[in-house]
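Asks: Each chain, written out:
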Amino acid sequence: MSAQPRMPTESGTPDHFQYMHPTLRRNYGQWSWHERPRPGVLHHVSRTGDQVWTVRAGTQRQMDVHTIRKLCDIADKYADGYVRFTIRSNIEFMVADEKKVKPLIEALTKEGFPIGGTGNSVSMISHTQGWLHCDIPGTDASGVVKSLMDELHQEFINEDMPNRVKITTSCCQINCGGQGDIAINVQHTKPPRINHDLVANLCERPSVVARCPVAAIRPAMVNGRPSLEVDERKCICCGACYPPCPPMQINDPEHSKIAIWVGGKNSNARSKPSLHKLVAAGIPNNPPRWPEAAAVVKKILAVYKQDAHAWERMGEWVERIGWPRFFELTGLPFTKFHVDNWRGARASLNTSAHVRF
Amino acid sequence: MSAQPRMPTESGTPDHFQYMHPTLRRNYGQWSWHERPRPGVLHHVSRTGDQVWTVRAGTQRQMDVHTIRKLCDIADKYADGYVRFTIRSNIEFMVADEKKVKPLIEALTKEGFPIGGTGNSVSMISHTQGWLHCDIPGTDASGVVKSLMDELHQEFINEDMPNRVKITTSCCQINCGGQGDIAINVQHTKPPRINHDLVANLCERPSVVARCPVAAIRPAMVNGRPSLEVDERKCICCGACYPPCPPMQINDPEHSKIAIWVGGKNSNARSKPSLHKLVAAGIPNNPPRWPEAAAVVKKILAVYKQDAHAWERMGEWVERIGWPRFFELTGLPFTKFHVDNWRGARASLNTSAHVRF
Amino acid sequence: MSKKMHATPMLDQLESGPWPSFITGIKRLAKDNDMAVDLLGQLEHSYETRKGYWKGGTASVIGYGGGVIPRFSEVAEKFPESKEFHTIRIMPAPAMHYDTATLRKFCDIWEKFGSGLIALHGQTGDVMLQGCTTENIQPAFDEFNKLGFDMGGAGPSVRTGMSCVGHARCEHSCYDEGRAHREVLNSFIDDIHRPALPYKFKFKFSGCGNDCMNSVQRSDMAVIGTWRDDIQVDQAEVKNFVKAKGREYVIDNVTTRCPTQCLKLKADDTLEIDNRNCVRCMHCINVMTKALSPGKDRGVTILAGGKRTLKIGDLLGTMIVPFMKLETDEDFGKLVALSRNLMEFWVENGLEHERCGEMIERIGLNNLIEGLGMEVDPNMVRHPRTNPYVRLDGWDDEIERLKQVKAG
Amino acid sequence: MSKKMHATPMLDQLESGPWPSFITGIKRLAKDNDMAVDLLGQLEHSYETRKGYWKGGTASVIGYGGGVIPRFSEVAEKFPESKEFHTIRIMPAPAMHYDTATLRKFCDIWEKFGSGLIALHGQTGDVMLQGCTTENIQPAFDEFNKLGFDMGGAGPSVRTGMSCVGHARCEHSCYDEGRAHREVLNSFIDDIHRPALPYKFKFKFSGCGNDCMNSVQRSDMAVIGTWRDDIQVDQAEVKNFVKAKGREYVIDNVTTRCPTQCLKLKADDTLEIDNRNCVRCMHCINVMTKALSPGKDRGVTILAGGKRTLKIGDLLGTMIVPFMKLETDEDFGKLVALSRNLMEFWVENGLEHERCGEMIERIGLNNLIEGLGMEVDPNMVRHPRTNPYVRLDGWDDEIERLKQVKAG
Ligand code: SRM
Ligand code: SRM
Ligand code: SRM
Ligand code: SRM
Ligand code: SF4
Ligand code: SF4
Ligand code: SF4
Ligand code: SF4
Ligand code: SF4
Ligand code: SF4
Ligand code: SF4
Ligand code: SF4
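Protein chains in written order, with the UniProt record's numbering: chain A, 1 to 357; chain B, 1 to 357; chain C, 1 to 408; chain D, 1 to 408.
To be clear, the hints were calculated from the coordinates, so they are not data collected in a lab.
We put the CB at the ideal spot given by N, CA and C, even for glycine.
Misleading hints may appear alongside valid ones.
[As the list claims (entries may be wrong)] Pair by pair, the computed Cβ-Cβ distance ranges are:
{"id": "1", "chain 1": "D", "residue 1": "E272", "chain 2": "B", "residue 2": "E232", "range": "51 to 57 Å"}
{"id": "2", "chain 1": "A", "residue 1": "P219", "chain 2": "D", "residue 2": "E77", "range": "29 to 35 Å"}
{"id": "3", "chain 1": "B", "residue 1": "A215", "chain 2": "C", "residue 2": "E143", "range": "46 to 52 Å"}
{"id": "4", "chain 1": "C", "residue 1": "V405", "chain 2": "B", "residue 2": "E232", "range": "51 to 57 Å"}
{"id": "5", "chain 1": "B", "residue 1": "A215", "chain 2": "C", "residue 2": "E272", "range": "55 to 61 Å"}
{"id": "6", "chain 1": "B", "residue 1": "D15", "chain 2": "C", "residue 2": "S16", "range": "40 to 46 Å"}
{"id": "7", "chain 1": "D", "residue 1": "K112", "chain 2": "A", "residue 2": "A215", "range": "46 to 52 Å"}
{"id": "8", "chain 1": "C", "residue 1": "S16", "chain 2": "B", "residue 2": "G224", "range": "52 to 58 Å"}
{"id": "9", "chain 1": "B", "residue 1": "D15", "chain 2": "C", "residue 2": "D230", "range": "50 to 56 Å"}
{"id": "10", "chain 1": "D", "residue 1": "Q404", "chain 2": "B", "residue 2": "E232", "range": "25 to 31 Å"}
{"id": "11", "chain 1": "C", "residue 1": "P9", "chain 2": "B", "residue 2": "E232", "range": "34 to 40 Å"}
Go ahead and model the full structure; you've got the sequences and the hints to work with.
Replies: Printed below as a string of structure tokens:
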């Protein structure tokens, strides 16, 4: 223990040039065009004449140091000692010499890193924390992602989809996973049970009351001690009260289920960005492999793959064929729960005589 | 005065067949196709082989009995004694013999009834009450319609627009005129002045309080008598308090202005029905001819006529070219007032990087 | 009668120009009607001061609660003859057909009892007999009533209905609008005449998606014709059309304008239609009136909740029935039953002065559909919900129930 | 260290299958790290009981208030070695470039002070060093800090930023994302490290409308590359593309997919672009990477207010700056100033626990724009308001002011 505590160097976001592959650094802002010679490989050409091949491989994201070192070994041996990671936790190796591509791919494949995730593939699922680390999860994250990526392996290493498919997961209704072509999210179906013994100690009551989107929580005295009570008819089981007040136990091994959403899109390509829409719910939260959720995802992907036009993202495809057809083709039931009744729901209703049979 | 009052015969909506032109009656539900031989004339052909020509003429809607009798005379002489009225107060004469069309048109023209309003014309403006009869108008209706139709006469008798143009007017913010390709509506710009002396007698105070969309009205005692007060910072000058409580004087010779709206559409043809959007405001309410409002309308029509594709309704055209271009082409200024901040405004914002320069 | 005309320099300016002038008309009346004289005087006064001078009040006929719009002048001391200037609303026949004999009778009655000013028609479709003294309301109405016409709606009541010319003269018409109009409206006669609803309720009937009655936005219940099977195509006429207009015209104006891109002009100048993806928008049929027409398996789509601005902003109606047949007596019976159910649900659940559409906004469409004992359908939405703010504990039971419903 | 492994029959099932297994990885760590042994035990327990067993608390490093996510086990009696299992968030370089030397140092430090488990990267872009005792947080961080890395954001603070690979390897890139990322984020260092905002605030930087950083929905301020002039077209490459793929392919995949229909494939296999109507969506450029590229007059579009669900539903960011140049030092200075203004406005006007987007929803976009001292632009809306619920008494003054602004 040093007598004088070390004060941090507030260096902020570090300079990227120091860690950048030299070919990228040299051609920063100079790239001219690219193509994909095969799934998992990008070929970029610079206006300077330089070229670079990128090999993209899947990882488990939650990596042990041995795995990272293995990736470093490969980078050192086959790829000039530089890598980068994508927003979806894929790793990318850049090489300036086309001949290095094949051995690099072989080395990665040998070590069990799938090559793919580019172009019209299903890329790595956006990954959150779940039971491994978060304090509020209704399910796991790493296990769900691993299970699904096992199932979607072929779709990762091939580019057979109409367009890129971005899948997200979220292990509670807070949804750190973001919007997705397909989103696999926890959905609670029962109001929180309140552990009244703990409220007084653990809970900042006014802020919980304020957090509830439907004003279903009010302060109450229970067994002579300050606690909370929930109007169960109002409660929409969103779980927002749980993070600020852990005694509001929303997670339930049985009643925290999984819901699946379709058509989220962040890019501005063609259509404007759009939010994903509920398509299926009531799916059991079934570790270690979540087969029921996987089945729904695969069904949706299969129909999309078969029916969509080239370049149509999932949501654009559904817009074209219409939601009635989506439910018909996927065999998913359409229920009253699909009809929005939250604020602004009006904008989601069919205020026209446009109808499909 | 009869001793026994006559009780009404509650006959409801009468049978239409008794008043229907015989050719229409005979071919009810049998029509096969139609065409427009010239502006103001429709030619319908039935599957039975029957044919009918319809001549459409404009009226002032608010008709004196002499005008109606004149129209009846023409119908009797040239059109088998039957007429019908359209939803836009145009009158239609049906003849089963093509040869009758020309003399009919001549007779109508001679009497000053413009022939047109069909196809891609600007049809009669939807007409409301205004100062002629309503208890809450900020402007007139008949005079506004007359003035504008004088200006748009050529557009009524010709079919030179990209698609049908439906114009509406409304003489207060209640808007009996409905949605329109172009809507010319009163817009109040100052909170109601309260005539406190009258409130106690004329006003059902709780219902006025309830009527305000922004809860700006509260009961108050003024000069020792029950009255109301308005939070002027909250008030959006909608005028909703005025009909239930005439002492809430919203109409103002100076500050009740005119606003112009664009892109309302009721039909389901191509695009879904849509609401009209604010494009211009602050236009003086200027009887007897409202030249400032007419100028804006004509400017918009001119740009639409020149720039839109065939079959594009006003709103569809703007959607295609984008609102930035609309404001540019019309020269109308875009202001903070155009940006929606009412409930559900979110759906009207540009939540994308789509941008036009 | 020959009261002296007021000076009306502003109104006089409305006598020029090519459009028929209501001022000229009223002046014509004023020749032998003092009420018209003072009406012009008051109107000129409004033009000068930019203010209205009518106030409401009460007036009606024996037996009915509504249908008359009472107007009393606030400037009666200046314009005494038009101090009472009420409007009587009369329901015309569907699609506003008339023989001249009837119209002439209207004129005669109104010349006798009223100002002689008749609006054909109000925006809700009424014949508006404008300008009646309180005293003359009853005798005037009696005459119209004897002629076979009844009072229209006003106040918190079912309002006069409107239907398009449709079956009578339009090839697009997908159902008998006149019949639907009469059967529905005439089943609410009591609610038309005796205002006792939370607020007004309007029905409009359009024979196809062109919606010439503006029903989507201007009625609480909109009945719009449509079809379930394929668009009828006369390929010979398609070829004629292509020959007359050229392929480019057809591509630019028909195929590329289809909102769901389900039309294809083939190399041999015939048209291929992906009917499963057609949303029955009417556009292609509108352009090629001779070659295309709605399918044969026709019926209606029903929307609920259209209205104008007050108090939450304009509402377009929202689909509550994607399709129902409307051919047999039984079908029409079902339409009437549905309209009664909707009305009852609204009467029970609507707040005071809350239109049907505002209620839907407040309670959620799903609750309306459930309350009507109907099933939701994906056609009712643009897209499913985008938020997780929904109680899903009933999910399994609901899926089970839907299975049973489907099974039989 | 060699604590006995717990039986993990459920987790074991996650070792099969083609995707790299995190369980296999943690098992590897468990060979000489007892924390990993108990971590697996607790996780298996979660899998069996379908519940999580971590709770929050406090933990940080000297000088900073945030950046560590503290986790204490609720089942520490069973799994004592992982009773403290905190995460340290470290900000990587823009676009997550590494040389292997640095990564290896990460591994060494983390093997020494932590569990050996590193997430590359969190959804907000942090390196997440997962599994640290309270005691080891400080020494571990010190090592990373000395290596040139700083703590990321957590709590009500500015969060770690994200920028796409962009300039470094992407031909679509319209500005220097890395520079923008660093200049903006590094101007908020205090707000990153000492949580004192109403709630979290995220910046994301995407080089073009493809938005590979999901900035529209996942950041409070999104900076997205775009251009103002015409798309650059290499017509020779267009012809090559058409030759290679065929005209039909180009029509089906390029021209008909343009959202504003402003592309035309001409008879001579060249492309005509109505640039005034192009909305910079990127689609055509995405398909024809060699023939088309963004214009030369480049800059950024800025959106504000994206976020996820709580508590009013997901919000997409909304455009607040249609275009600004981002080339010179001055330009970058303006970007930083804008981000500071936005932040200040939000700090002043946002309620507690209210994200920027929720504030915009509450106060109205026009008030934000005015508050920022900027001018509204029709590009900021899909369409102007559809309701008359607006106070217009300021209209004339505003028009006058706008005229003056325009005049200079
Ligand atoms: C590496 C990465 C950026 C980074 O800095 O990390 C990246 C890189 C590229 N993206 Fe991306 N995108 C990356 C995440 C995204 C995301 C965000 C995400 O994955 O969560 C999106 C938005 C997704 C959404 O809309 O929800 C995204 C939407 C696009 C699009 C638009 C696709 C569309 O049609 O909607 C393009 C254009 C295209 O497909 O040609 C694109 C194109 C590209 C190109 C072709 C750009 C280029 O010329 O180099 C890059 C190669 C892509 C490939 O896989 O074939 N990238 N791209 C990210 C790789 C993620 C991964 O490992 O899977
Ligand atoms: C007579 C009338 C119905 C009635 O029962 O009164 C009528 C009659 C016809 N309408 Fe209509 N429409 C009539 C009001 C409307 C309205 C409502 C209105 O005017 O307020 C609309 C909805 C307007 C809107 O969207 O806001 C309307 C939207 C259409 C459309 C769709 C246009 C579009 O592209 O959006 C068509 C289709 C077309 O243009 O071929 C249509 C087509 C027709 C056709 C061609 C139908 C037919 O085959 O006979 C009729 C002759 C029209 C002509 O003028 O060329 N009619 N039509 C109404 C005449 C009004 C007038 O005097 O101007
Ligand atoms: C006469 C008429 C205008 C015309 O000259 O054609 C009219 C006139 C009045 N309307 Fe209307 N409305 C008329 C059609 C409409 C329409 C159009 C329609 O029915 O298709 C609408 C829009 C559709 C709708 O129902 O929303 C309409 C929306 C309103 C509203 C707003 C309702 C709302 O929920 O937003 C009010 C205010 C109210 O009801 O409190 C209103 C109220 C009124 C009152 C009763 C004003 C009042 O509170 O005293 C007006 C009486 C004027 C008078 O002195 O006669 N009027 N009103 C129309 C009825 C004539 C008829 O029976 O044929
Ligand atoms: C670690 C991470 C998931 C992951 O495994 O990648 C994560 C984990 C948590 N998020 Fe998140 N969020 C993470 C990215 C996101 C994102 C994605 C993004 O930043 O692009 C979002 C959606 C975008 C957004 O900001 O809205 C996100 C939306 C939330 C929210 C909802 C915020 C909202 O306004 O709706 C919360 C709840 C809150 O802040 O109260 C939240 C709260 C949390 C907390 C702090 C839960 C809590 O209140 O205790 C989680 C801590 C988990 C843990 O034990 O480490 N997290 N969270 C991500 C951060 C890692 C990193 O720093 O790189
Ligand atoms: S989604 Fe919920 S459970 Fe999962 S990491 Fe985010 S906050 Fe934690
Ligand atoms: S779960 Fe959501 S709705 Fe229910 S009490 Fe908690 S915060 Fe309120
Ligand atoms: S718009 Fe207003 S003023 Fe005009 S008729 Fe309707 S209620 Fe009366
Ligand atoms: S004008 Fe409208 S906002 Fe103002 S007090 Fe009256 S009802 Fe309320
Ligand atoms: S709504 Fe349809 S059926 Fe009725 S008149 Fe119009 S076009 Fe014809
Ligand atoms: S009716 Fe409309 S949707 Fe159907 S094919 Fe014709 S244009 Fe397309
Ligand atoms: S956002 Fe645009 S510039 Fe950045 S990596 Fe993606 S495609 Fe390239
Ligand atoms: S960038 Fe998008 S909007 Fe612009 S021309 Fe290309 S496809 Fe069309």
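Asks: Among all the numbered hints in the text so far, which are the ones the structure does not match?
Replies: 9
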